[in-house]
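Student: Each chain, letter by letter, is given below.
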Amino acid sequence: MHALKQIVSHTAVLPQADIDTDQIIPARYLTTTSRDGISEGLFYDWRFAADGTENADFVLNQAEYRDARVLVAGDNFGCGSSREHAPWALKDFGIDAVISTRFADIFSSNALKNGLLPIVVDKKAHEWLLDHPGARVRVDVEMATLTVDDGPSLHFEVEPFAQYCLVHGTDQLGFLMGKEEQIAAFEKARK
Amino acid sequence: MTAKSMLDKVWERHVVVPETHQTPAILYIDLHLIHEVTTPQAFSLLREKGIPVRRPDLTLATLDHSIPTRPELVAKGYEGMQPAAGKQVRQMVENCEEFGIPLRGPGNADQGIVHVIGPELGASQPGKTIVCGDSHTATHGALGALAFGIGTTEVGHVLATQCLLQRKPRSMGITIDGPLSPGVTAKDVVLFVISKIGVSGGTGHVIEYRGSTITGLSMDERMTICNMSIEAGARAGMVAPDQVTFDYLKGRPMAPAGEDWDKAVQQWKALASDPDARFDREVLIDAAEIPPMITFGTNPGAGIGIRREIPEPVGAASRKALEYMGLKPGRPLYGQPVDIVFIGSCTNSRLGDLQAAAEVVKGRKVKSGVRMLVVPGSNKIKLAAEELGLDRIFTDAGAEWHEAGCSMCLGMNGDIAAPGQYVVSTSNRNFEGRQGPGARTLLASPVTAAASAIAGAVADPRSFLTDGAA
Chain A
1 MHALKQIVSH TAVLPQADID TDQIIPARYL TTTSRDGISE GLFYDWRFAA
51 DGTENADFVL NQAEYRDARV LVAGDNFGCG SSREHAPWAL KDFGIDAVIS
101 TRFADIFSSN ALKNGLLPIV VDKKAHEWLL DHPGARVRVD VEMATLTVDD
151 GPSLHFEVEP FAQYCLVHGT DQLGFLMGKE EQIAAFEKAR K
Chain B
1 MTAKSMLDKV WERHVVVPET HQTPAILYID LHLIHEVTTP QAFSLLREKG
51 IPVRRPDLTL ATLDHSIPTR PELVAKGYEG MQPAAGKQVR QMVENCEEFG
101 IPLRGPGNAD QGIVHVIGPE LGASQPGKTI VCGDSHTATH GALGALAFGI
151 GTTEVGHVLA TQCLLQRKPR SMGITIDGPL SPGVTAKDVV LFVISKIGVS
201 GGTGHVIEYR GSTITGLSMD ERMTICNMSI EAGARAGMVA PDQVTFDYLK
251 GRPMAPAGED WDKAVQQWKA LASDPDARFD REVLIDAAEI PPMITFGTNP
301 GAGIGIRREI PEPVGAASRK ALEYMGLKPG RPLYGQPVDI VFIGSCTNSR
351 LGDLQAAAEV VKGRKVKSGV RMLVVPGSNK IKLAAEELGL DRIFTDAGAE
401 WHEAGCSMCL GMNGDIAAPG QYVVSTSNRN FEGRQGPGAR TLLASPVTAA
451 ASAIAGAVAD PRSFLTDGAA
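Going down the list, the protein sequences come from chains A and B. Mapping the first sequence onto this note's numbering, position 67 (from 1) lands on 67, and the numbers just tick up by one. Mapping the second sequence onto this note's numbering, position 330 (from 1) lands on 330, and the numbers just tick up by one.
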C-alpha cells in the first residue's frame, strides 16, 4: 500500500444518506478477477443513463468536481455488502477520503486497507460541508486533522493501527505474518 | 468475577495476541468460507508473494454468486455462464486446485449458497469464529458462532495466517418475547427489528437475539434472523446454542461424533451469556406487535406491516426512494401488482422456507403474467424438497424450479428483473438496482411472497393460511 499522509483537495458532495455498496459499484461489476479498471463501475447507475451516456447532473460528471479527491457523503456511507470492490473503485477513480457522520463497519475496514480514509465528523461540521460543495480541505492523516478554508477545523478519530499503516504505507499482511510464532503456539495449545 | 456475554466468551477463546491501544487483537479463525466473487484478488496476491494457504482444512469453498441457476443453463456448464462469470468460476476452480482447498463446485452434492452449506455440513458450530468475504456471514451466528463478513484483503489475511486483526465489537442484546401471530415468520421478525433500530442501528455491534420468541424458533428460522443482522449495520448476530442447535447438528458430516460429540455439547452449553451479563445496548420487543412485514423503500429498514399505509417521506433520500419505487405515501402495499416473485437467497432458501411457501401455493396457480422463481439454497435442499414433492407443487402452479445458487438476490448471474418491474423477494436487500438496473424490490417472507404470486399483487399471507379464505 502507498503511504497516504496528506490530502489537499476541493470536495464533491453526495448528500444522500445510506449510500450502499450496490450504488457504489453494482453487483454486475463483481465478476472481475482483478482490480484493473474497476472505477468503470463506480456509481455506474447514477453516473450513466440506461443508454450509457453520462448523467450531466451527477456530481462526479461535472467538470468542477470530477477530479475532487474528497467526497462528502450523507449519513451511514457504505452500508450493505462486504465487497472491497467499493473502496477499490473509489480509490481507482481518484478519491482519497470520504467524509460522513458514520460509515458501515466492513466498508470502513476495507477502505483503510486500500489507502482510502473514512473521516467521521460531527453533525454540525457535516452540515457545513454538505452546504459548501467544492470547499478546499486539507487532511493531515498523521495528526488526524481536517482543516477547511473559511470553515471548520477539527480532529477526527481513526483506528491507531490503520492510521499508522496509512501514514507509513505498511502492509497489514506482513505484520500478521510476522506473528507466526504466536499463531503456531496458539494452534498447538488448542490441540 | 464479572459476568460474560456469549460474545465475550467466544472472543476470549480466540485471542492469539491481545488488543492494545496501538494494535488490534489477533483473532484466530476456526472456519473460513470462500466463494468465487470475493477471493480471486486474494489468491492472486498469495501467488505473487509465494505464500501458501495456511489451513486448507479449515477452508470451505463453494460456488454460488455468479453461477446461473436455470436448469437448462446449469446443464451447459461453462457455456451456460455469462463470459465474465465463467472466467471467474474457472479461476476459482484453478485457485482451489493450486492451493489444495476442496471445492464444492459444479456437480458436487454439497454445492450451494455458502451460508446454507456451512450449517448443513455441520461445519458451522457453536463457539467457532467464522468469516467469509460476504456480509451475510452473520447467518452462522444462529448456531452460537461469532460469524462476520470481511473484505478481500482480509480474505487474504485468513488464507495466509488463519488470523485477522480485529478490535472487539460492542454488544447489543435484542430480546423478543411472546408467541408470533399467525402468518408471521422469522423474516417478519427481523424486518421488524431493522425497521425499529434502523439500517445503522447496529453499527459497531454484535447482536445477541434472546427471549422466548427466539428460543421457540427452528434452526432455519434463527438463521433467517441472524442473516439480516448486517442490514441493521451489525457485524454479526448470535443465538445461544440450545437443544434445538444440538439436535440440528447431530449426525451432520462435519459435526463431532461419538465421545467428541458429548464433550462438544458440554462446552457448547457453557457458551450462553451469563444471566447477569451486561450489553452495551439493549432492545426489547413484544412479539405480539409484529405483523407480516414488507418493505416499500430502497433499504431494508423501510419495512411496514403489510396492511399499513406507506408513510410520508421524511427528507430527500426517502423521497428519492419512493420515486425510484414508483410508490405513493398514504396507501398500503397490499394490492400492489407484482411482476416477479423470488423465493430463495441465503435468507430464505432452506427447506423450512420452501415448505412454508409450498403450503400456500399447493393446489393454486401463479397469477397469469407473474413469474415465480423458487431457488433452493443447496443441492441437498433441492433433493430433500424433491423427495417431499415440493418441486411438483411449485411447477404445477406455474413456478420455475431452479438449481441451487444466489440467483435473483443480486443481479450478477443472469437472473434479473427488468427496469421498473416489482419483485416480491425473500432475499435481504432492496437497494436500487440490486436485482437488476431499475428493478423494484419488495422484501417479504416466503409465505407473503408465495401468496403474492398467487394473487398477482402484494397479498396478506394470513388470508391464504386459513381455511378457504383465499
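The hints are simulated quantities; they were obtained by calculation from the structure and are not laboratory data. Just to be clear, a hint being listed does not mean it is correct.
[Stated by the list, open to error] Examples of chain A residues toward chain B, derived with CB under 10 angstroms:
1. Ala27
2. Tyr29
3. Thr31
4. Thr33
5. Gly37
6. Trp46
7. Arg47
8. Thr53
9. Ala56
10. Ala104
11. Ser109
12. Asn114
13. Ala162
14. Met177
15. Ala185
[Unchecked claim] Here are some chain B residues pointing at chain A (derived, C-beta under 7 angstroms):
16. Gln22
17. Gln88
18. Ala317
The C-beta atom is built at its ideal place from N, Cα and C for all residues, glycine as well.
Student: Flag every earlier hint the structure violates by its number, smallest first.
Tutor: Checked against the structure, the hints that fail are numbers 5, 7, 8, 9, while the rest are satisfied.
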